[in-house]
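Asks: Below are the chains, spelled out letter by letter.
There are 2 protein chains.
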Amino acid sequence: MYVGEVDMRIILVGYGIVGKGVTTILANKYLEKNTNCRFNPKIVAIADIDGAVINSQGFSSEKLEAFKQKGYPVSADAEFGHKSMSALEVIESVEAEVIVEVTPVNIKTAEPALSHITKAFKSGKHVVTTNKGPLALAMPALTELAEHNNVFLRFSGTVGGGTPMLEFAKRCLVGDKILRLQGILNGTTNYILSEMGQNNMSFQDALTNAQKMGYAEREPTMDIDGFDTACKIVILSNWIMGKKITLRDVDITGIRDVTLEMLKDSVKRNSTIKLIGTVDNNKASVKPVEISWSDPLCVSGVLNAITFRTEYAADQTLIGRGAGGIETASAVLRDLLDIRHKLASKLLS
Amino acid sequence: MYVGEVDMRIILVGYGIVGKGVTTILANKYLEKNTNCRFNPKIVAIADIDGAVINSQGFSSEKLEAFKQKGYPVSADAEFGHKSMSALEVIESVEAEVIVEVTPVNIKTAEPALSHITKAFKSGKHVVTTNKGPLALAMPALTELAEHNNVFLRFSGTVGGGTPMLEFAKRCLVGDKILRLQGILNGTTNYILSEMGQNNMSFQDALTNAQKMGYAEREPTMDIDGFDTACKIVILSNWIMGKKITLRDVDITGIRDVTLEMLKDSVKRNSTIKLIGTVDNNKASVKPVEISWSDPLCVSGVLNAITFRTEYAADQTLIGRGAGGIETASAVLRDLLDIRHKLASKLLS
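Here the protein sequences line up with chains U and Y, keeping their order. Using this note's numbering, read the first sequence as starting at 1 and increasing by one per residue. Using this note's numbering, read the second sequence as starting at 1 and increasing by one per residue.
There could be a bad hint or two in this list.
[Unchecked claim] Which chain U residues face chain Y? A few, computed with CB under 7 Å, are given here:
(1) P164
(2) D176
(3) R180
(4) V299
(5) S300
(6) Q316
(7) L318
(8) I319
(9) R321
(10) A323
(11) G325
(12) E327
[Said to hold, decoys possible] Dumping the calculated EDC-like pairs for lysine to aspartate or glutamate here, alpha-carbon to alpha-carbon at most 16 Å:
(13) Y:K170 <-> U:D338
(14) Y:K108 <-> Y:D280
(15) U:K42 <-> U:E62
(16) U:K287 <-> U:E311
(17) U:K170 <-> Y:D338
(18) U:K119 <-> U:E92
No wet-lab data here; the hints were simulated from the structure. For glycine and all other residues, C-beta sits at the position ideal for the given N, C-alpha and C.
Using the sequences and the accompanying hints, generate a full structural model.
Replies: This is how it looks when you write it as structure tokens:
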């Protein structure tokens, strides 16, 4: 399938922990040695809320490292900075093959990510995103729009962080049929429930603890009310189970009403309570569920886990860290390589 | 990548629990609906120790079902039976694209599977096998021989049964680097150790129990002395870590010397003892290792598990049933589809 080295010019939109992880991984030079499909990524622009830096030749590893070290916005760079240039302008005007969209999640309007992605599609650019918002609110429409514009949309990092849950289901269970999936897909709630159960702590104390540790946001509703898990369930449902749903189709209950007493009671049955997202033939739901300690899905702390029930190969459980800048950035890398591979196949056919 | 429907004629060599599972799955008609790559498998021969049945048109679902229902050797079939025809003769003389080799494992000589596989290669036939023997003893040579003859060798079912451990590492961690792998890869020893620890049972009693349950052979050395795990470690080492080793390169200790006292002692540290195979940069080993209950790798009963430590995405653990006829047959199906896909790509290029 080798068709010679092809440059892949990348516009990075969003420059938080995941964005910085992406620059770290791409600046790393080992890629050529590690993969069969040659891949020459070049970050030609980074757009953040304050402006952008642009270099059509691609930034050097050293420059990417320097951006990370400096405390101020990238757009302040004397040589390449474009203060107050918007991400949309960058996406439209800078030549590139792929947009990597890693701005903060917004599940009310999906903005600004939704506009970034649709603008990218309309400019004929592929999109890799780790942003659940646009997918949770409009996944069926977005996948259609990508097809219509003959570009790829990839989003491995939206579910499981660096743990390749979406790829596993798509690539490793070929020929089998997934009858149901169940997942612990949110590290914050899993940490809180683990703390409550293991350290005899109230929900409120465990939440405060999680906030101190940096595992929970000051405004924690996205996690503890189940919306983050529900977004992931929407993505899994569309991509893996072929069910074209959006966030409003998921039956959602968070963990606010899980009491210490309920957890203690479950211990009598060698069980505990976890926030579990489920998709089967009939429904998609997120709710606290009692689960046996011996169930491989029953992971503690900030781990994520998913179990696919298959027709032939029985239950398959995949466990890993569900967040983290570098971990999630590794999912972006996988998506970029997948697009590279797909483009190479297209050239052949 | 669609290049029209292509027949895949299959010779099934070995007709035990996995072989029968393969006929069940292939007789099932849903394949066309479930996969993008069209695939029209036809079993044109089944060879067992007693002879063979051959039908160049491919056996119907009904006929395959009838073979399974009948108690006597397939070669006794009045219409298609060839008593005393050897598997080697069948492989050489019957026209087919793929040999599915699922005869019993022999790790001393790797026979008869080794002869079946080399004969298939020399007749220009691809091979899918679930037989660890030939791979444990001669994997580097076999992969070279396959390449030399321009055919594919696939063996997903040799590790993890139906759990796609090999595919996961190859397909889902692209761009990342696997630094180390550790696995609980043998259900029999895991059942015995779980019984000892959970039910306060001696090694001998737990072994007898496992034999009664059908989880252990009457001659249990392959499992309890670590050879089965070591075979899988050889395959993982060659295929995933790129280290060309054979069985003699693995440092092997079984579970015969694990005492109830050792297990009880480990409990004090919220741990237990498992038979763990490891491959890292320096060595390949199989030995009883103390492991924390909270480690996702720590599964009980007949489950198998593997943890890949990666550079970027941290630890990734995959858990599933490590044996079973239908489960392992699902791995054969995945391999057949992979070969089908590879052949389609070849036609395109």
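Asks: For every hint, state whether the structure bears it out.
Replies: Quick rundown of the hints versus the structure:
no.: 1; hint: P164; in the structure: holds, 4 Å
no.: 2; hint: D176; in the structure: holds, 5 Å
no.: 3; hint: R180; in the structure: violated, 15 Å
no.: 4; hint: V299; in the structure: holds, 6 Å
no.: 5; hint: S300; in the structure: holds, 6 Å
no.: 6; hint: Q316; in the structure: holds, 5 Å
no.: 7; hint: L318; in the structure: holds, 6 Å
no.: 8; hint: I319; in the structure: holds, 4 Å
no.: 9; hint: R321; in the structure: holds, 5 Å
no.: 10; hint: A323; in the structure: violated, 10 Å
no.: 11; hint: G325; in the structure: violated, 10 Å
no.: 12; hint: E327; in the structure: holds, 5 Å
no.: 13; hint: Y:K170 <-> U:D338; in the structure: holds, 13 Å
no.: 14; hint: Y:K108 <-> Y:D280; in the structure: violated, 26 Å
no.: 15; hint: U:K42 <-> U:E62; in the structure: holds, 13 Å
no.: 16; hint: U:K287 <-> U:E311; in the structure: violated, 25 Å
no.: 17; hint: U:K170 <-> Y:D338; in the structure: holds, 13 Å
no.: 18; hint: U:K119 <-> U:E92; in the structure: holds, 7 Å
Checked against the numbered hints given earlier, this structure breaks hints 3, 10, 11, 14 and 16; the rest are met.
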